[in-house]
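Visitor: What follows is each chain in one-letter form.
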Amino acid sequence: MTAYHRLPASLLAEPDPFDDLEVDGRAEPTGGLSRPRSVPTVGEVAGRIRPTVLAVDRTLPVLPALAGLFPGGLRRGTTIGVSGMGARSLAMALMVRATAAGSWVAVVGDPDLGLAAAAGQGLKMERLVIVDAPDPTGWGPVVATLVGAFDLIVVAPRHRVGAVDVRRLAARCRERGSVLFHLGDGPWPGRLDLRLVVDGAIWDGPDAGHGRLCSRRTVVTASGRGMESTGRRTELLLPGPDGTTSGA
Amino acid sequence: MSGTTTVDAGVRTLVVRCPDWPLTALGVGPLQPALVLASGRVVAATPAAREAGVARGQRLREAQFRCPEVRVLERDDSREARRFEAVVAALQDVTPWLETWHPGSCSFGVKGPVRLSGGEANLVRRAARLASAALDDLVGSPAGHPGCGIGVADGRFAAGLAAGAADASGVDGGGAVVVPPGGVPAFLAPLSISVLERPALVDVLVRLGLDTLGAFAALPVADVVARFGAEGRDAHRLASGIDGWPPPPGPVPPDLAVSVAFDPPVERVDQAAFAARTLAEVLHGRLSDSGLACTLVLVEAETEHGERLARRWRDEGVLGPGAVADRVRWQLEGWLNGPPATRPTSGITTLVLTPDEVVPATGRQQGFWGGASAADERAARACIRVEGLMGPGSVRVPEWRGGRDPGECLALVPCVRRAGDGSDVSAPAVLAAADGPPWPGALPGPLPAAVHVDPVSVEVRDASGQMVAVDGRGVLSAPPHLLLSPPGPGGSVARGAGDRVVAWAGPWPLDERWWDPERRRRSARLQVVTADGAARLVVLEGGVWRVAATYD
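Protein chains in written order, with my numbering: chain F, -7 to 240; chain B, 34 to 585.
Keep in mind that the hints were calculated from the coordinates and are not lab data. Keep in mind it's a predicted model, so treat the numbers as computed, not measured. For glycine and all other residues, C-beta sits at the position ideal for the given N, C-alpha and C. Careful, some of the hints might be misleading.
Claimed, not checked - Partial chain F-side listing against chain B, Cβ under 8 Å, derived:
id: 1; residue: Met77
id: 2; residue: Gly106
id: 3; residue: Gly112
id: 4; residue: Met117
id: 5; residue: Pro133
id: 6; residue: Phe142
id: 7; residue: Leu205
Said to hold, decoys possible - Taking CB as the label site, the calculated pair distances span:
id: 8; chain 1: F; residue 1: Asp177; chain 2: B; residue 2: Gly86; range: 53 to 61 Å
id: 9; chain 1: B; residue 1: Glu410; chain 2: F; residue 2: Arg159; range: 27 to 35 Å
id: 10; chain 1: B; residue 1: Pro471; chain 2: F; residue 2: Gly203; range: 16 to 24 Å
With the hints as extra help, turn the sequences into a complete structure.
Guide: This is how it looks when you write it as C-alpha cells:
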C-alpha cells in the first residue's frame, strides 16, 4: 500500500505571492568583495545556470513614433509613471505593439478606462484584462500575482500605496520582466525607473461649433534613470485623426 | 462497407442512470413543470416542462416563453452529488467496483456480479430494485422521482445510451434496455448523430448528410481520420460500437497514487477539499510526467476511527485537477450528510487518490503561430488566482457589443467562467470580432480615453451667464462659454471658478430606443475644449449636463 506522507503546512495555506523573492526585495550583491569567492551563494549559482536571455527578449516592442523615447524598445522589468492630461492615451499607445506581439495587459483599478479608445489605438483587446480595484489591504498581493503572469500591468491606485508593497512589486517586475505602469498624478512611494509627462495639448479640429475633435498635438517628456539630465522630449499626435498615435 | 473490421467488443457494462437528476436532487417531482439553470442555460427539465417545449441548452427566456408557469431552479452540484451518494451506496451491494460518472449516473462491469446474481436478467432486476428503493427512501414516495433507467451493452458508450433509452417507469420503477452481446452496432446505427456530444463535429457531419451513427460508422476509418483527425477517429470508434479510447490500456503504474495524512484530523469538508485540490495537482503532475492522463480515479477517505469510504469516479474526457478536487468534495459531502448508520464518527485522517485507469495523454501542443501560447496560459492562471483573491466577477475582459456611445461599444464580461459541469475553469473569453458596418449616429472618432463610470454633473453657461440648452431640433440656445462644476462634494472634473471654453463641436442629438418606455434615451452630446487644453464630452440628458467622458 502507499506510504502516506504528511501534508506540509504550506499546502493548507494560500501561498504568499512574494515568497519567491529575496528578503527585502533586493537582488543579491554581484560584487564579490565582501564574500569569499570560494563559497558561492544560491543567488550566484542560480545566476550561473540561468538560461541565456537575448537582448531582444529583454525589451518589448513600441510604436515607431515612440522610438525617440524608447530607443530599442520598452525595457522589461521597469516601472514607469505616466501622468498629465493624456496619460491614458499614452499608456495605451505604449502597449499597442507589445500586445500585437503576444503580451497580455492587466489594468487594475481604473474603471474609467475608455475601452473603445484602446481598441481605436490598436490595442489587441483579446489580450486585455480589466481587474476591479482591490481593497487597500489586498492591493499588493493582487498586483503581485499579475506581475508574475502579465507582461504589462497598469495600476491606478485610489488609495495610498504602502512603500513596502511598491518596493516588492518593483523587485518582482525586475525578476519576472514585467513592465508596471503607474497611471496618474497620485503619489508613488518608491523610485520609478522612468517618468513620462504629457504636456502642452493642442487640439485640432473643433472650432466655434463646427468640425469635431480630430487630433491632439502633445509634448511627451521622459526622465529617469540612465537618461540625460534634461530628459528626452518628443512630439506626438496623441491621438491622431485615425485614433492611433503617430509622430507629430 | 467492404471488408470486415474486427470489432473489439467493449467491456460489458451495466449503467444505472437517473433521468433529470438535477431536479430529483432538488426535490422536484416529474409532474410539475420545472427546470434547472446553469450559466444561463437549461440543463435539465421535468417531463411536464419538456412536453411544453422546454429543452436542454435553451436560454431561460426561450424556456419561459414556451412554458410560462415553469419553476426555475439554480443548479446545485454539491447537493446533487450528496443525494446521489445514497444510490451509489445501495448499489454497492451488487458490486464494489462501481464507477460514478457524474451525479445521476453510474456503471459497473457485468462480468463479475452476473455470476453471483445468476444471469443478466436477475442482475438487472436486482440493480433496478436497489436503486429505486434508494430513490424512494431519498424522496419519500415513488411518485416524487422519475425512477431510473438501466442499460446493459458491450461498452460504456452504448450502455449509457441504452440506459437513457430505457423507460424509467417500467418494472420496479426501473426500466431496462439490454443490448445482446455483439448487438451494439445494430443498436447504435439508427440513433441520431447528436448523441456523440461533440457539437462542432456533429454540426459538420449533419451538413454532410450523416445524421445517424450508422451512416457515420459506415465511412472508412482512414477517410475519417484524414478529414477529422484524432477527434474524428474517437467519434468513429464510438459510432461503430467500439469504446472510445484506443485499446484497453495496460496496468496502471503502481507509484502514481498520492495520499495525504491529516494531523489533527480534518472535521470540515471544505478543509479536506482544499487539501484535495493540492493533492489532485500533485497527481496530475505525476501523471503528466509519465505522459498519462487519468479517466478513472479512486478516492479513498479514512477517519480516525477506521471508517473508510472508497468511490470510483470516471470521466470519459480526462479528469483534470479541478475535476478531481470537485469529486473529492462531493464524495465527502455525501458521506458526511448520509444516513446516520454510515456517517463517519470522527474527523478524516487520510485521503488517497489512486488513478485506476490511465490513458496516454494526448497533451496540448503550445502554439507556434497563434493558438494558446505559454503567455496565454500564464495569464489565464493569474486571472483565476486573482479571482480567487477578490471574488467572482472581479476580473473581466472586453467583449464587443456595439453602440453609439464610447462606453457602450465594448462591455466587460467576467473572464473566468465555470464550465457547464461545474468542474473546471476556462480561460478568458474570446472577443468577438468588431467587424460590421459603423453605427449611424455614433460619436466620431478618435474616441475618449476615459469614459466616466459616474458622470459628474456640470454647468454649461453662455457668455451672458445663462445655462446653455438644446432645443427639439438639436440647436444650441447660445454658444457655450464656460464650464462650471456645481458646488458641493464629488465633482472636481471642472476646476475652480470654471474653465473657459475655447473650442467646441456639436451638438449631436441622440434619440435611442424610442419604442421602449423603460430604456428610451434622449440626449445631446457636445465636445468642448477648455483653456487648459482638456477636451471633454459633455452630454445633456433630462435637462442636466454631465461630463460623460474625457479625452485623456
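Visitor: The structure should be examined with respect to each hint, and the outcome stated for every one.
Guide: Cross-check of the supplied hints:
1. Interface restraint check for Met77/F: the shortest CB-CB distance to chain B comes to about 6 Å, inside 8 Å, so the restraint holds.
2. Taken as an interface hint, Gly106/F checks out: its beta carbon lies about 5 Å from the nearest beta carbon of chain B, inside 8 Å.
3. For Gly112/F, the interface hint holds, the least distance from its beta-carbon to any beta-carbon of chain B being 5 Å, beneath 8 Å.
4. Given hint, Met117/F at the interface with chain B, holds; its Cβ is 5 Å from that chain's nearest Cβ, closer than 8 Å.
5. With 8 Å as the threshold, the beta carbon of Pro133/F comes within range of chain B, its nearest partner Cβ sitting at about 6 Å, so the hint holds.
6. Interface restraint check: Phe142/F against chain B, minimum CB-CB distance 6 Å, threshold 8 Å, status holds.
7. About 5 Å separates the beta-carbon of Leu205/F from the nearest beta-carbon of chain B, less than 8 Å, and the hint is met.
8. At about 59 Å, the CB distance of Asp177/F to Gly86/B agrees with the hint of 53 to 61 Å.
9. The given range of 27 to 35 Å is respected by Glu410/B and Arg159/F, whose C-beta atoms sit roughly 29 Å from each other.
10. The hinted range of 16 to 24 Å is satisfied by Pro471/B and Gly203/F, whose Cβ atoms lie roughly 19 Å apart.
Comparing the model with each numbered hint stated earlier shows that all of them hold.
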